[in-house]
Amino acid sequence: MNHKMIESGNVAAALAVRLAGAEVIAAYPITPQTPLTEKLSQMITRGEMDAEYVAVESEHSALAVCIGAASAGSRSFTATSSNGLLYMSEQLHWAAGARLPMVMCVVNRGVGAPWSVWNDHQDAISQRDAGWIQVFAKDHQEIVDMTLKAFRLAELTHIPVMVNYDGYYLSHTYMPFELPDAADVKAFLPPYEYLHTLDPERPESLNTVTLPDARHDVNGVKRGGYMDIRHNLHEEMRLAMEVWEEIDADFQRRFGRGGAPIFDLYQCDDAEFVVVAMGTLANQFRDVVDRLRHEGIKAGVLSLQMYRPFPSSHIANLLQSAKGVMVFEKGLSYGNQGALFADLKSALYPFPARPTLHNFITGLGGREIRTEDLYQAVKTSCEPGNQSSPEQTDTPQWIGLQL
Amino acid sequence: MQQEPSRMIQIRWHGRGGQGAITAAKVVAEASFNTGFGGVAMAPTFGTERRGAPVCTSLKIAKGKIYDLSPIVSPNIVVVLDHLILNEVDVTAGLQPGGLLVINSPNPVETHALPDFRVAVANVTKLGIEAGLRKGIVNSGIIGVLGRASGLVDLDTLAACIAEEFRDRKPDENVRAARMSYAATQIHEPTPGGPDA
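From first to last, the protein sequence lines are chains U and S. Per numbering that gives the first Met the number 0, residue 0 is the first one in the first sequence, and the count goes up by one each step. Per numbering that gives the first Met the number 0, residue 0 is the first one in the second sequence, and the count goes up by one each step.
The set of hints was computed from the structure by calculation and includes no laboratory data. On a predicted model such as this, the values are computed, not experimentally measured, just so you know. There may be inaccurate statements among the hints.
Straight-line alpha carbon distances no greater than 20 Å define the calculated EDC-like cross-link-like pairs of lysine to aspartate or glutamate that follow [unchecked claim]:
hint, chain 1, residue 1, chain 2, residue 2
1, U, 322, U, 393
2, S, 64, U, 263
3, S, 64, U, 177
4, S, 64, U, 6
A few chain U positions that, by computed beta-carbon distances, are all more than 12 Å from chain S [as the list claims (entries may be wrong)]:
hint, residue
5, 133
6, 188
7, 189
8, 212
9, 221
10, 241
11, 320
12, 353
Even for Gly, the Cβ is constructed at its ideal location relative to N, Cα and C.
Working from the sequences, and respecting the hints, build out all of it.
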């Protein structure tokens, strides 16, 4: 039996975490994530969710508790936003390097200074190299489904997963979504059995100091040094794309939703011009694409659902024959350009017939993103003869500046 | 293909922090969803709300899924939970010509008449007290006025959603307030050519 409801994105996430059977929750409140952790805390206190809620004094401790819980074999979850994620940064790298499966919702918010409680993607983008898998949801249904799939992905790959969703645009907005039946979720997501669970009967040394070189263990088996261990993380993260696709296919078979694990494509089949974006921003382009199509411009929008690992060959194969690609993003690598843009450009480099590229920065710190402005930006980029010089290609255009 | 923006019903709610505009919008979202509108998106204005300060909430309703979550620029309907907000906020900003303005006001509808818009008024504050609610509870009552003037969702569906939303907070009295406000709604049609025509 399915359960349809209208609720906020934060409540959708909390209900998904309960359905996933998370056993340990440790979190520190921060806007706009707060209602998510409040809901989890409330459900646990009322006996509606069988989990341990560990109230901590900071985000750094929140993730440290999850690291401990996951090491002990518990399914663990945390959530944060903005500067809270950055305060976790050291522990983010640790959780990934220690190969501990866990899921964290990042309710995306601009990073201070200056303070902003409003949405952009700089928090997640700034942590893209920590070794976490990063996926982005566009609506409440995706928050629910991605969170459930993320636990399975984390536990199959032993790589932690960050489920990103836009602060306010999703976290505080009410829209309809469906919750799957708890028994069906249990079948999809079996209990977490961790091979290296802390157990006094089976002592192991974990995450000890490694040396630059590989060395033999007490049994005489050659074990990797730091570089070999880190190489494994990278290789297995690349393979995680395929695992994610398999999980999505199984989810779709069981629950009837899915089919777009890496990208969600709209009107891309014959598109000459493709917009690339993540999160709710990608959905905002659907009306823009419809309007351009109505004017005879073959436009489409590619919503990138998985940002790390970066699906470079998937995306390059899809976009290499387009005439133009416009990357819109709510964050950037300061002093260079949009991070997603740079990733995409690098993926397209091996293809000789690669498209013209444009980079747009928009909506930082919650600056209103007017659909009309998006339309004008895409339309201008589609005009014949609008070939940027190499320097122009590499210079992001800012939409919505007020000074 | 998506619905034309014109096929989407866009309602902007003006209230004061703590007055329950968000709850009212949520009830209308639920009722619309239950009567076949597959797409509803209710977004509070994202700010640092204080109790008593003017706040605003947007509700988009459509037959199909809503993809564009950007703020409402040109609403079809504006709902005002406190007529004194009319002195502080330009509530009709962007309201489409012929659009509906719903006001909780102690004054007769003629005092709020506007040439370009339909105006619907009821004294929701007074009716709420008569229905057995604490003074100042207006968010259930205003739903009745909106339901009557817009015809968007029938009264019984709205009443059922109000009863569910307020199940721990005087559900019967809140439903009564909505029904009484529905019955007491006065409507002033737009006057083509302006007030002197």
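These are the hints, each one checked on the structure:
no.: 1; hint: U:322 x U:393; result: holds (17 Å)
no.: 2; hint: S:64 x U:263; result: holds (15 Å)
no.: 3; hint: S:64 x U:177; result: holds (14 Å)
no.: 4; hint: S:64 x U:6; result: holds (15 Å)
no.: 5; hint: 133; result: holds (21 Å)
no.: 6; hint: 188; result: holds (27 Å)
no.: 7; hint: 189; result: holds (32 Å)
no.: 8; hint: 212; result: holds (53 Å)
no.: 9; hint: 221; result: holds (54 Å)
no.: 10; hint: 241; result: holds (29 Å)
no.: 11; hint: 320; result: holds (25 Å)
no.: 12; hint: 353; result: holds (29 Å)
This entry satisfies every hint, going by the numbered hints stated previously.
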